[in-house]
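First to last, the protein sequences are chains B and W.
Residues 1 to 758, numbered by my numbering, are exactly what the first sequence covers, in order.
Residues 1 to 758, numbered by my numbering, are exactly what the second sequence covers, in order.
Mixed in with the good hints there might be a few duds.
No copy labels: a pair is met if it fits in one copy or bridges any two.
[What the hints assert, rightly or not] With a straight-line Cα cutoff of 25 Å, these simulated SDA-like cross-link-like pairs (lysine to any residue) come out:
hint, residue 1, residue 2
1, 392, 176
2, 153, 163
3, 751, 380
4, 210, 28
5, 210, 19
6, 210, 24
Just so you know, the hints here were simulated from the structure itself, not pulled from any lab data.
Quantities reported herein were computed from a predicted structural model and do not represent experimental measurements.
There are 2 protein chains.
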Amino acid sequence: MAYQTVGKALPRVDALDKATGSAIYTGDIHVPRMLHGKVLLSPLSHAHIAHIDVSRALRLPGVRGVITEHDTLGVRLGPLLRDQPVIATGKVRFRGEYVAAVAATDPDIAEEALDLIQVEYEEMPAVFDPLEAMKPEAPIIHEDLLSYAINFKTARYGNVCTHVKIHHGDMAQGWAEADLVFEERFQTPAVHQGYIEPHTSLASVDPSGKVTAWTTVKGAFRARQELSQALKIPMSQVRVITPYLGGDFGGKGSAALEPLASLLARRTGRPVRMELSWRQEFACVHPRHPSLIEMKVGIKRDGTLVALEGRVVLDSGAYADTGPRVVGKTAALQGVYRIPHVRLDGYCVYTNKTSFGNCRAPGSPQVVFAMESMMETMANSLGMDPVDLRLKNAFVDGDISPTGQKLHNLSIRQALERAAEVSRWRERPKKEGIGWGMACGEWHSGTGPSSAALKMNEDGTAVLITGAVEHGSGTHTTLVQIASEVLGLPMSSISRNYSDTDATPYEGPSGASRQTFTAGLTVKMAAENVRSQLLERAADQLEAKADDLELVNGQVRVKGSPEKAVAISSLVMSKGKGPLIGSASQDRLMPATDPSYTEGIAGTSFLGHTYASQVAQVEVDRETGDIRVLRLVAAQDVGQVINPLGVEGQIQGGAASGLGFALTERITFDGGRVTNDSLMDYRMPTAVDVPNIEPSIIEELDDDGPFGAKSVGELPYVPVAAAIANAIWDAVGVRVTDLPITPEKVLRALKSGEAAGQ
Amino acid sequence: MAYQTVGKALPRVDALDKATGSAIYTGDIHVPRMLHGKVLLSPLSHAHIAHIDVSRALRLPGVRGVITEHDTLGVRLGPLLRDQPVIATGKVRFRGEYVAAVAATDPDIAEEALDLIQVEYEEMPAVFDPLEAMKPEAPIIHEDLLSYAINFKTARYGNVCTHVKIHHGDMAQGWAEADLVFEERFQTPAVHQGYIEPHTSLASVDPSGKVTAWTTVKGAFRARQELSQALKIPMSQVRVITPYLGGDFGGKGSAALEPLASLLARRTGRPVRMELSWRQEFACVHPRHPSLIEMKVGIKRDGTLVALEGRVVLDSGAYADTGPRVVGKTAALQGVYRIPHVRLDGYCVYTNKTSFGNCRAPGSPQVVFAMESMMETMANSLGMDPVDLRLKNAFVDGDISPTGQKLHNLSIRQALERAAEVSRWRERPKKEGIGWGMACGEWHSGTGPSSAALKMNEDGTAVLITGAVEHGSGTHTTLVQIASEVLGLPMSSISRNYSDTDATPYEGPSGASRQTFTAGLTVKMAAENVRSQLLERAADQLEAKADDLELVNGQVRVKGSPEKAVAISSLVMSKGKGPLIGSASQDRLMPATDPSYTEGIAGTSFLGHTYASQVAQVEVDRETGDIRVLRLVAAQDVGQVINPLGVEGQIQGGAASGLGFALTERITFDGGRVTNDSLMDYRMPTAVDVPNIEPSIIEELDDDGPFGAKSVGELPYVPVAAAIANAIWDAVGVRVTDLPITPEKVLRALKSGEAAGQ
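Next up, chain B with everything else stripped away, as it sits in the complex (with noise of 0.2 Å):
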């Protein structure tokens, strides 16, 4: 179809604001009698709190109040699980686990109140690796789980904070079935999101007691949520403002800040803003799940996949946070493929590190990357060509996912021959050192309640208010180039707003891939009904059927008789109707699951299925372990483009992010410490290690998503490491399977692979 806006590559609306440096974030924002807050961490990862003396922190000048666990109401937070004290009651469970919080006139004047906060603490054993908190005679972190709220039906019991299974067909008939089994147990670690903005948070309370937080936060619905929790008032007594956001990557959905900040601010009578420092962002926030994954994959001769079998543990920390949804994605393990009979069952399991969070397509890198390594091993050993094999397997139309829903427009098969056809898969030639790896990945795209609300102005420009945080990905973009299409309207005739729960209409977070998607579908509808109203107002004047009208360039005209048109601007405020604003509201209902595919499972059935497949050529030093990305190509279905030249970033940005899953990234422990916080130490992939990456959008268009457009961002993550990985042992032979893949690693294997004799 030929649209005016949708489909080019128009500028960002945000271009002019970031490029000039004056766009406004959290951290520059500053209101009259501000005072500064510091958070003081748990240096250990188990213990009692026996006491806590603040009262040399209070007697320092310049601090003007602290907080502790005395003054959180007994409020537990959290996303799913309510399990987290705003600030550690009774005892901490990690080491960076907030103790107390100070508010001074200066900010190291609040520091150093932190040294003076005197807390006794009695140590308790600690348990740092998932599988011995697994074990019965592991010490408990969480004493009392099972009086937790929570919103979905899971299995808890000593650590494990969640058990999901996904068992269907017979696992005795799949493994008689099968003509090879094939074993392998894979790691993946902690990594950071990798947002450039730490958290922060400035929050002002009135006298009546109503909050008002500006805060890095990608939802300022739920962070108002959490807040009215937090603080024990009712929602009309918060209001939460988000900025332009600095990243976010997954890991800005929960609080943070903001009821410390809050609380501070409602004891001293003055805002307080906060934020963290790097070396407490890896300390204290909600890195990627790290995960352990048996597998066990059972295939016929001619390749076709019969049985598989396999656990999935991801260290949960020491707090559920979005562990107890992250944890189905241990459905991803299935990966794209048809596999008859499966017995998979997932853990998240508390233990003492930070609580583990989302991180762009949660759960999934992890998964994928066993199985995607797995299905090139196969292919190997059958002597097919990895691309035969995952076609051969590739889910159809008609097919039950996973988690029993059954699916139907799927691009899989466009995915992988335009991943295979774009690199020249077929054609690759054999290079000592150089090696080809492919893998796929699904993602879906998110949903859930959203509304928004469009009004014309007098003159027939428009605003856009929508709740949608721009959190980097180019939301506002997207939707303004939405409602432009439906009114005919240029895109600089729309502004738009940032989210403020006091102003714009309820939208949910800017994550789970839904804000094209969903938060665009309402935008389409808001801007329908606003042409609809102006379609109708113009068929009194033109004495015509509203059927009979188009909207092109800022008129209404009769179709077929362009001489008969009404400026939109003599429309907006026609007597008798009143200002023109048009709003709206939805939240679609997700298709039925087989409920006997699935136990314990947040959420088993998606929206806006889509597909991506990458090819990874590289390049391996045999001599150093050296690995050289020398190119990815990463075809992905996103339905209708909305902007092309988002799409592109989006599919750039989230493979160079996958990239450093693969290669460089992870959060290194000793026990509970985290031992390269800081941002030289935990080494994301900069300009210099990030190849060419050539996305190849293919346009399958859905029906439930705007103009057909489906997600986009996480799922370029999702199959980088796998196909990397699988590159690496093209090139030399060498099969890692706990990431990231480190040259050391590399080198390890080659020289234990010459050891054994090869």
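Please arrange chain W on chain B, whose structure you already have, making use of the hints.
Same frame as chain B, now just chain W:
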């Protein structure tokens, strides 16, 4: 009808903010890199600008930019007649007109820079008296009057920017029927609105050119329109935010500093804040129009009014501002009385003074002072009680208003009788030096485009999103109270925000007594929209019909079966429907009028007519002329009371302000120069000057207002001056016809009476 919230004396929603000083006003807002702007005012009343040299000002360290006529793109602004350049262009028309503006890093530097701007003027003959200005030989103030855009039809010639006519009946017949004819000439001065916050604006321009202005204006959307015109940019490039306003009373309707601050911000690339000093407030903003009223009334011996001829001349000052509409209140010279033969001419005339504008009930107190003085004079001559004379002539249902509108649902009689009854008018004793006076007045309830939204929060609390500016009258309290009534929620569960053109639906200015009557109706409609959505959602859950449900205490329940109930909070995000948001938009069509009655009048029909009658009791000291107001009874029809505290406050505040108009307030001019330009020299009544004002509320419900409410705030000002003048006349036999009635005037009249041998 029994209401839960409406009609209750509940505390203001902004009470704590204001009592604790934490309410944010424009002057409280500071942004990083902010510059301070100052404006240079013309020292002459009428002059060509031969040359402006800003080079010395620009060289002053700290000065960042200067703007003059060359930076204004030739734009002329004006709410009705676009006659006023943003900065004086080519010539100055009054002493105080903007000639240049400077932005500097410090207000003192900006002030100093003003002195360095060299302006060469060529002085022109000026005219200060409107009667002089109407003469053919008068200097012409606007040479190109007919070229100015105006959005309604009016005669314009010479220095007359508007000439309105109200002619009906047959004057010859009228004078023939009259037994007695009374003639008088009245004069009223320029008075300041008396807000306590001077005009302040802060403007910022982003790299795309979008302007954000925080400003002291009572209509954010009107200010947006003016800024869009002034800066020649679309409305989507303008955002106007209006925090709390420190009073308005009509004086904050037109662009004051916003265009200057914006142009300076654009010039310097930095935010610019400006505020007027009180001296400047008197020199260049829009006080109430001075008026000259010549009138002749014909009456029969039985007290029947039969003829009225009059000429009302309003001094417009150098620009039209709202004068072309205000002069339409010439119609109010007829008062609330049926007069078959009328010939009124109203003139709005340019002079070389600051341009005059809206002030509480613009136009009406001037002419009502005249007519209601006449009524009591006539009653005395006829030997009738003034109440009886008024009752005899008062309009009845079905009568035609002076502007040709058929009247219905009148409450004139109730107001007259109530004032008489409460004051014990009929039993008033006759005492030396003590006098009683009565007057009555009419006002209407403002209409125009209005929209609002109301969002439900997930916990069942709500956010009202209104663009109605809280200028101090209690608008937000009224609006929240209305929403609270409809939704059955406590007021504390409904938060609201301040007007922001990028966030709030379009709302007209907080003027023309429109906020309760019009914004209130819209909020009621939006709340009803939310209510019906809640009932529909509940109907599904309760398996009942929506019509059988009611909303009580945060629950929807089946009428008669309160145990069948569902919490509102469970309906807000109900799956499949999306977040609950309601909105409403309206602009009522006005009743038709007989066009033969009037010519050149901008507004000839009104909704929500309302009436007030006041009785004043004064004591006059024959030795000093000193006047002490002992008592003021203010009976007023307000329709359904929303909040009695608010209604009483408005009546008392309005009457207190009217007291200043009657007795103390007057901006004095020496030619074009204001000679009492400070709050020390310009005397508003203070606490010691204001007597006990006794409101007496009449509730005649109105079909068009929310719950039957009408307007309150402007009308109480209207009758005060006449009531007091009549009381003084009753006390000492002195009829003062020019306001304010100072002791000097009374004494002079007493002395000249004595000299004449009385």
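- Query: Going through the earlier hints one by one, which of them does the structure break, listed in rising order?
  - Reply: Structure breaks no hint.
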